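So the sequences go chain by chain: P and V. Position in the first sequence (from 1) plus 242 gives the number in this note's numbering. Position in the second sequence (from 1) plus 1015 gives the number in this note's numbering.
No lab work stands behind these hints, which were simulated from the structure alone. Here the structure is a predicted model, which is why all the values come from computation and not from measurement. Incorrect hints may have been included.
[Stated by the list, open to error] Derived Cβ-Cβ restraints for the label pairs, each shown as a range:
| hint | chain 1 | residue 1 | chain 2 | residue 2 | range |
| --- | --- | --- | --- | --- | --- |
| 1 | P | E326 | V | R1086 | 23 to 29 Å |
| 2 | P | E326 | V | Q1198 | 31 to 37 Å |
| 3 | V | P1228 | P | E326 | 40 to 46 Å |
| 4 | V | E1059 | P | E326 | 28 to 34 Å |
| 5 | V | A1189 | P | E326 | 33 to 39 Å |
| 6 | P | R329 | V | G1187 | 23 to 29 Å |
| 7 | P | R329 | V | A1189 | 40 to 46 Å |
[Unchecked claim] Reference listing, derived: stretches of chain V covered by chain P, where coverage requires no fewer than 3 residues with Cβ under 8 Å from a Cβ of chain P:
| hint | segment |
| --- | --- |
| 8 | 1112-1119 |
| 9 | 1196-1203 |
| 10 | 1283-1289 |
[As the list claims (entries may be wrong)] Straight line, CA to CA, 20 Å or less: simulated DMTMM-like cross-link-like pairs of lysine to aspartate or glutamate:
| hint | chain 1 | residue 1 | chain 2 | residue 2 |
| --- | --- | --- | --- | --- |
| 11 | V | K1257 | V | D1214 |
| 12 | P | K330 | V | E1290 |
| 13 | V | K1257 | V | E1291 |
| 14 | V | K1257 | V | E1277 |
| 15 | V | K1257 | V | E1242 |
| 16 | P | K330 | V | E1291 |
Don't be surprised by glycine CBs; every beta carbon is placed ideally from N, CA and C.
The lines below spell out each chain.
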Amino acid sequence: MSSRELESYRSGQPAQLADVLERVLDKGIVIAGDIQINLLDIELLTVKIRLLIASADKAREMGIDWWQGDPFLSRGNGHGELEERLRKLEEKAGLPTTRQRERSGE
Amino acid sequence: MSSEGGAARSADVLGWYLYGVVAADASPNFETAGLAVDPAHDVELLAEGPLAGVASRVSLEEFDEAALTERIGDAVWLEQKIRAHEQVLERTLSAVSVVPCRFCTVYRSESELRRFLSERREPLQAALGRVTGRVELGVKAFVDRERFVAGQAPRNEEIRELRERSASLAEGRAYLERRRLEQLVSSEVERLRTTAGNDIHARLLARAGDGMPLTLQAPEVSGREQEMIFHGAYLVGEDERKFEAALGSLAAEYRDAGVEFELTGPWPPYNFVPEELRAS
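Pulled out of the complex, with its shape left as it was, chain P reads as follows:
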């Protein structure tokens, strides 16, 4: 295939935010220990970013509406799997889980 033909496969625009998010938030090395935010917290942070993006209207405005294709979010009703992951992480980190907080608030 000539490079000109190949050009037609490239969108020619800056990378889609969804593609960037999938990589920057979910892939790339995570360094355990000795950083400002520890490993567990980075995972917590990125899961929280996803949950937040999923529920924020302004996320939609800025084009971050990729959660609809996110397996953690698109399966079942609501944000079940992602919330479950957050709950487990919070448990591991010794934090009160979102669910517990909700209960105590009721």
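Fit chain V to the supplied structure of chain P, relying on the hints for placement.
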């Protein structure tokens, strides 16, 4: 330079934001001015032995754990930082091979960052060795239903008949036939997703150093109306031409089935570095 609070920020304690790791002798010559997560500070190379960190100073107040939890609620802030992370890495990648870090890898001090580079030298060098001279390419394939049906009609008798009948019947009956046709096409597309998906992945993988299928994106995510039937990431080096040739022949073969391909990248090899890097 940020326009607000310049004086207040100068009093901040500064840490280091690490974008990725490169070889110290790669002597990269890339332009990153104004791209850093904190545009007030330049991207620097911190060499430590055979490795160098691509990093820039950040306010620890801005990137403090407690502050971050609040900051991520600010969609504008979040998108800026995520884009900055990606852009610095893309610039780096245009000059040298890089092991990308995950978003928000922040060190309290230069010495801690240097200690990381020296203590994790082995796993870092292994990770870097794997991606040296290589980039990540993303491949997406979409099916255009109308063209898929048009391409199937000559071969698929059932589709052809339903198409012809729905065109000739009176409105009420034609509606039912169209519904049947839609259902039939949906199941055919699903079959295509499996067979074409496997075929595409196997043939691209044969022309790449490594590869993996990624989660399919919904139209709201991909920004295309057509249904995504394949999504994958490939680690490609000098064999890039062969990879592109393989993609070209796939595109030619699947054109009649209404399948269109999209190539993204080159990306820093996010999908081909170890997820966790613990002390060796």
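Cross-check of the supplied hints:
no., hint, verdict
1, P:E326 <-> V:R1086: 23 to 29 Å, "holds (25 Å)"
2, P:E326 <-> V:Q1198: 31 to 37 Å, "holds (33 Å)"
3, V:P1228 <-> P:E326: 40 to 46 Å, "violated (24 Å)"
4, V:E1059 <-> P:E326: 28 to 34 Å, "violated (41 Å)"
5, V:A1189 <-> P:E326: 33 to 39 Å, "violated (46 Å)"
6, P:R329 <-> V:G1187: 23 to 29 Å, "violated (52 Å)"
7, P:R329 <-> V:A1189: 40 to 46 Å, "violated (51 Å)"
8, 1112-1119, "holds (count 6)"
9, 1196-1203, "violated (count 0)"
10, 1283-1289, "holds (count 5)"
11, V:K1257 <-> V:D1214, "holds (17 Å)"
12, P:K330 <-> V:E1290, "holds (19 Å)"
13, V:K1257 <-> V:E1291, "violated (32 Å)"
14, V:K1257 <-> V:E1277, "holds (17 Å)"
15, V:K1257 <-> V:E1242, "violated (27 Å)"
16, P:K330 <-> V:E1291, "holds (18 Å)"
Of the numbered hints given earlier, the model fails hints 3, 4, 5, 6, 7, 9, 13, 15; all others are met.
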